[in-house]
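Novice: Spelled out, the chains give:
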Amino acid sequence: MEKEPVLQVNGLSKAFGGVQAVLDVDFTLFKGEILGIIGPNGAGKTTLVNLVTGFVKPDAGSVLFKGKNIKGLQPHKIANLGLVRTFQVMRPYHSLAAFKNLIVPLNSPRVRRTSGGKLGDTDLVAIDILEQIGFERDARVPYKIASSLPLGYLKRLELARCIALRPEVILCDEVFSGLSMSEIASMIPLLEKLQMEGITIMMIEHRLRELFRLADRVVVINFGKKIAEGIPKEVMEREDVKAAYLGTGKRK
Amino acid sequence: MTEKERRKKRFDRSVKVRCEGLYAISSWREMGFLAMPRILLILGLLILPITLDMYWQRVLCIAGIYALLALSFDFLAEYVGLVCLGGAMFIGFGGYTSGVLNAYFGWSPIVTIPIATLGGAVMSTLVLIPCLRLRGIYFAIVSFMLPLFSVYIITAVGIFGSTEGISALDTLPNIWVEQYVIIGAIIVALFGIRRLVNEDIGLIFRGIKDNDQAVRASGISITAYRIKAVFIASLIGSFAGAYLSHLYGWLGLSLFAMDFSILPIAACVMGGMGTLVGPVIGAIILTPMSEALRGFGQLRVVLYCLVLIGFILYKPEGLMNYLERKYHQFERWEVV
Amino acid sequence: MDILIYGTVNSIIFALIAVGFSLVYGVSRIPNFAHGSIYVLAGFLTWSFINDLKMNYALAVLISLAIASIIGLIIYRFILIRLRGLPTSEIIASFAVSLIILEGLRMQGIAGFKGFIGPFYVLQPFIGGKMNIFGVFVDYQRLIIIAGGVVVITFIWLFTHYTKTGLSLRAIAQDERAAMMLGVNSDRMAMVSLSIGSALAGLAAVLILPLGNIAAEQGYRVLVYALAVCIIGGLGSWAGTILASFALGFSMITSTAVFGALWENVVLIGTIILILLFKPSGLMGKQKELEERV
Numbered sequence: 001m002e003k004e005p006v007l008q009v010n011g012l013s014k015a016f017g018g019v020q021a022v023l024d025v026d027f028t029l030f031k032g033e034i035l036g037i038i039g040p041n042g043a044g045k046t047t048l049v050n051l052v053t054g055f056v057k058p059d060a061g062s063v064l065f066k067g068k069n070i071k072g073l074q075p076h077k078i079a080n081l082g083l084v085r086t087f088q089v090m091r092p093y094h095s096l097a098a099f100k101n102l103i104v105p106l107n108s109p110r111v112r113r114t115s116g117g118k119l120g121d122t123d124l125v126a127i128d129i130l131e132q133i134g135f136e137r138d139a140r141v142p143y144k145i146a147s148s149l150p151l152g153y154l155k156r157l158e159l160a161r162c163i164a165l166r167p168e169v170i171l172c173d174e175v176f177s178g179l180s181m182s183e184i185a186s187m188i189p190l191l192e193k194l195q196m197e198g199i200t201i202m203m204i205e206h207r208l209r210e211l212f213r214l215a216d217r218v219v220v221i222n223f224g225k226k227i228a229e230g231i232p233k234e235v236m237e238r239e240d241v242k243a244a245y246l247g248t249g250k251r252k
Numbered sequence: 001m002t003e004k005e006r007r008k009k010r011f012d013r014s015v016k017v018r019c020e021g022l023y024a025i026s027s028w029r030e031m032g033f034l035a036m037p038r039i040l041l042i043l044g045l046l047i048l049p050i051t052l053d054m055y056w057q058r059v060l061c062i063a064g065i066y067a068l069l070a071l072s073f074d075f076l077a078e079y080v081g082l083v084c085l086g087g088a089m090f091i092g093f094g095g096y097t098s099g100v101l102n103a104y105f106g107w108s109p110i111v112t113i114p115i116a117t118l119g120g121a122v123m124s125t126l127v128l129i130p131c132l133r134l135r136g137i138y139f140a141i142v143s144f145m146l147p148l149f150s151v152y153i154i155t156a157v158g159i160f161g162s163t164e165g166i167s168a169l170d171t172l173p174n175i176w177v178e179q180y181v182i183i184g185a186i187i188v189a190l191f192g193i194r195r196l197v198n199e200d201i202g203l204i205f206r207g208i209k210d211n212d213q214a215v216r217a218s219g220i221s222i223t224a225y226r227i228k229a230v231f232i233a234s235l236i237g238s239f240a241g242a243y244l245s246h247l248y249g250w251l252g253l254s255l256f257a258m259d260f261s262i263l264p265i266a267a268c269v270m271g272g273m274g275t276l277v278g279p280v281i282g283a284i285i286l287t288p289m290s291e292a293l294r295g296f297g298q299l300r301v302v303l304y305c306l307v308l309i310g311f312i313l314y315k316p317e318g319l320m321n322y323l324e325r326k327y328h329q330f331e332r333w334e335v336v
Numbered sequence: 001m002d003i004l005i006y007g008t009v010n011s012i013i014f015a016l017i018a019v020g021f022s023l024v025y026g027v028s029r030i031p032n033f034a035h036g037s038i039y040v041l042a043g044f045l046t047w048s049f050i051n052d053l054k055m056n057y058a059l060a061v062l063i064s065l066a067i068a069s070i071i072g073l074i075i076y077r078f079i080l081i082r083l084r085g086l087p088t089s090e091i092i093a094s095f096a097v098s099l100i101i102l103e104g105l106r107m108q109g110i111a112g113f114k115g116f117i118g119p120f121y122v123l124q125p126f127i128g129g130k131m132n133i134f135g136v137f138v139d140y141q142r143l144i145i146i147a148g149g150v151v152v153i154t155f156i157w158l159f160t161h162y163t164k165t166g167l168s169l170r171a172i173a174q175d176e177r178a179a180m181m182l183g184v185n186s187d188r189m190a191m192v193s194l195s196i197g198s199a200l201a202g203l204a205a206v207l208i209l210p211l212g213n214i215a216a217e218q219g220y221r222v223l224v225y226a227l228a229v230c231i232i233g234g235l236g237s238w239a240g241t242i243l244a245s246f247a248l249g250f251s252m253i254t255s256t257a258v259f260g261a262l263w264e265n266v267v268l269i270g271t272i273i274l275i276l277l278f279k280p281s282g283l284m285g286k287q288k289e290l291e292e293r294v
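Protein chains in written order, with the numbering used here: chain A, 1 to 252; chain B, 1 to 336; chain C, 1 to 294.
In short, the hints are calculated from the structure, not lab data.
From the three backbone atoms N, C-alpha and C, an ideal C-beta is built for every residue, glycine too.
Please note that the accuracy of each hint is not assured.
Partial list, derived from the structure: chain B residues whose beta carbon lies under 8 Å from chain C [claimed, not checked]: (1) P49; (2) V83; (3) G119; (4) C131; (5) M145; (6) I265; (7) V269; (8) L299; (9) V302; (10) L306; (11) L308.
Generate coordinates for the entire structure from the input sequences, incorporating the hints supplied.
Specialist: Rendered as structure tokens:
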């Protein structure tokens with residue numbers, strides 16, 4: 001496994017009013033791996049993604065993407081560098097057909113740059129991408145209006161939106177939430193395929209069993225602080241991690 | 001026994017279902033179904049001037065100006081998410097530019113109108129840029145304030161004829177040119193914008209309106225695209241302003257009148273926001289009414305605001321949305 | 001010296017005008033474009049009560065304020081309430097109401113209504129005469145404005161910090177959902193805020209109009225000033241509104257003294273543009289700058 005760091009976060013902190021959402025978090029994402037970010041609800045995981053991708057400005061700390069400082073950059077610039085994210089709350093462009101949703105990312109400067117202007121008809125490219133992630137063309141799924149699609153397809157559409165940008169790193173914010181076991185089972189090969197194509201993935205998840213099938217390493221966040229990092233098996237043995245999820249059970 | 005209830009069922013007309021996508025050109029009937037409203041519209045607009053008498057032809061020219069403004073308002077509000085309360089600004093900038101070029105340099109309308117369209121658009125966009133990075137409410141506020149400020153500044157600095165305005169500008173050759181120029185502009189703008197909102201750029205605009213965070217996360221700069229959208233809308237508005245100054249051969253502070261800001265909005269809401277053709281038709285309906293009421297002074301403004309509020313509260317979909325729906329579907333009450 | 005005094009008066013005028021708008025926006029996120037029109041309406045109502053109905057000044061003022069506040073309530077209850085959550089429609093609707101009121105006041109010849117046209121409508125100052133402060137002659141009305149402004153601001157501060165309704169207003173302003181979960185009725189609070197906001201507009205009118213005359217066109221100008229103060233101070237921030245009123249009040253008086261009265265509007269719009277470019281959330285904006293940006 002290559003150990004080249006592609007995303008380095010150091011000392012990242014953010015407070016909203018009186019609430020310290022993220023405190024002094026460091027971790028490193030290595031190229032080609034799948035890193036899981038786990039922790040109980042409200043631990044600050046989504047805020048972490050927001051901080052890294054520029055949607056929220058950090059109070060302190062640094063974020064280096066491929067060695068370049070991206071702290072304080074606008075979200076679209078960060079996306080154009082190759083670091084993309086999904087949104088936990090799905091809101092596709094509801095009046096448009098599914099494949100039309102991908103037109104927006106396909107028009108970004110990054111795609112224009114990397115395709116050298118030879119992209120061709122963006123509609124066809126969009127349909128192609130959707131097929132690759134499992135929208136059956138025969139059933140005309142890509143042509144359906146986005147708001148009429150069931151959740152499993154919407155989650156994939158969100159992922160497709162990221163893939164359309166030809167990213168190097170994808171930050172997935174709870175892609176498994178709300179899906180049934182079989183739907184997750186069909187998403188997992190998709191993510192593995194992305195990893196094999198060289199894309200680095202960081203996943204925020206609650207569904208630990210499914211996550212551990214994919215993740216090489218995990219980072220545990222609780223109350224905005226990192227409390228553990230390492231291989232899933234080892235991390236889940238730790239007392240403090242168990243306490244974070246299950247509580248201490250001790251009565252004083 | 002269970003109670004019987006009535007409910008409304010809506011069906012798509014069979015011919016509409018048959019003309020989805022490529023199938024539309026598979027037979028004359030389908031093509032006719034799709035083309036007829038558009039042909040009716042174009043023919044209607046082209047024939048209209050011939051059927052009217054002198055007075056109403058003039059009114060048609062004014063209606064055309066309002067139609068262009070309504071079109072640009074609808075485009076900005078429904079396809080980009082920016083509510084522009086200052087249509088008068090486009091008219092003012094376009095009108096003043098072409099009028100000043102004509103008065104001080106003597107260039108003919110054929111030259112001044114295109115230059116003013118471009119120049120007015122550039123000026124309007126520049127002035128609006130500071131608020132395009134921000135939430136939509138700022139755009140509404142700033143666009144509202146700008147026509148008023150333009151009036152204050154022109155009065156204060158005393159240029160461009162200050163309060164009296166400049167008269168004796170060249171007018172367009174004759175009434176037929178006047179009408180067909182504006183009708184041509186409407187048709188071009190209408191079908192142009194219609195096409196635009198389905199092109200890639202248009203989809204990005206609509207994406208910005210629907211879900212701007214996702215657009216940012218997709219690597220697109222929202223500010224840049226908003227600037228483009230405002231520029232396009234202001235091209236239309238500035239053309240209308242330039243045309244107006246040469247229609248009457250006069251420019252003055254009334255180019256920034258509140259009328260130009262509110263009537264397009266009323267026309268839009270009444271005609272059906274989002275349909276692009278609704279606002280045009282709404283303007284063509286409201287303007288004659290407004291002209292007829294000119295004798296009553298400010299009553300006409302009160303009246304169209306009442307119409308506007310009435311529509312917003314009770315029939316927000318507007319006329320064209322309703323008609324479009326009826327054209328494509330039919331409804332039936334059925335007993336359940 | 002006179003800049004100091006007139007500057008203060010000007011600033012308080014801005015504050016009085018803006019505070020009603022700021023309250024409504026802060027609480028229910030509705031930009032009440034009808035604010036300026038209610039200002040003018042209250043002025044004309046007071047004038048009518050005094051001149052046509054021969055009422056006592058104080059009584060006329062009180063009734064006009066009551067009517068203003070009821071109108072605010074009606075605007076919300078019958079129009080805006082159906083449009084909550086649709087920002088485009090809210091803006092359009094309140095703008096339309098504003099025009100109905102302002103242009104309606106200028107109508108002539110409908111059912112004998114003669115319309116308020118022309119610069120003839122004047123409200124008498126409460127106390128005529130001037131006073132000499134540090135060598136500058138200041139009319140009593142202006143001093144009353146300062147006193148009135150301070151009273152209003154203090155009252156609002158006390159109201160929103162110590163009464164149940166006031167605290168509910170602040171709760172909704174900070175976090176609507178949380179407040180609703182605690183039993184605060186969002187619609188009722190919006191109605192309260194709109195009636196208080198309109199009453200404040202009326203109060204501002206009654207205090208300020210005696211300085212000059214009443215004209216329907218002033219409605220737009222007042223709205224512009226209110227909007228300017230709120231943008232510069234930060235939409236939804238109290239301290240910002242006060243701060244911005246002073247900043248704007250003093251800068252406009254200073255520019256009039258130095259450059260002449262014609263340039264004060266240039267100063268106004270210049271300040272707005274500067275703020276939008278460099279600190280969009282306003283001088284003391286509650287929102288963080290990046291959230292203000294789109």
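Novice: Mind checking the CB of V302(B) against every CB in chain C and telling me if the closest is under 8 Å?
Specialist: Holds: closest Cβ of chain C sits about 5 Å from V302(B), inside 8 Å.
Novice: Would the stated hint for L306(B) survive a check requiring a Cβ distance to chain C of less than 8 Å?
Specialist: 6 Å, holds
Novice: Would the hint on I265(B) be counted as holding, given a Cβ-Cβ threshold of 8 Å to chain C?
Specialist: 6 Å, holds
Novice: Does the CB of V83(B) sit less than 8 Å away from some CB of chain C?
Specialist: 5 Å, holds
Novice: Going by Cβ atoms only, is G119(B) closer than 8 Å to chain C?
Specialist: Nearest chain C Cβ about 20 Å off; hint violated.
Novice: Quick check on the hint: L308(B) CB to chain C CB, less than 8 Å?
Specialist: 5 Å, holds
Novice: Let me know if the C-beta of L299(B) comes in closer than 8 Å to any C-beta of chain C, holds or violated.
Specialist: Given a least distance of 5 Å, the restraint on L299(B) holds.
Novice: Does the CB of P49(B) sit less than 8 Å away from some CB of chain C?
Specialist: At 31 Å from the nearest chain C Cβ, P49(B) fails the 8 Å test, so the hint is violated.
Novice: Given a cut of 8 Å on the nearest C-beta pair, is the interface hint for C131(B) held or broken against chain C?
Specialist: 5 Å, holds
Novice: Could you check if V269(B) really has its C-beta closer than 8 Å to a C-beta on chain C?
Specialist: This hint holds: V269(B) lies near chain C, its Cβ roughly 7 Å from the closest one there, short of 8 Å.
Novice: Take the shortest C-beta to C-beta distance between M145(B) and chain C; is it under 8 Å?
Specialist: This interface hint holds because 5 Å falls under the 8 Å limit.
Hint check: violations occur at hints 1 and 3; the rest are consistent with the structure.
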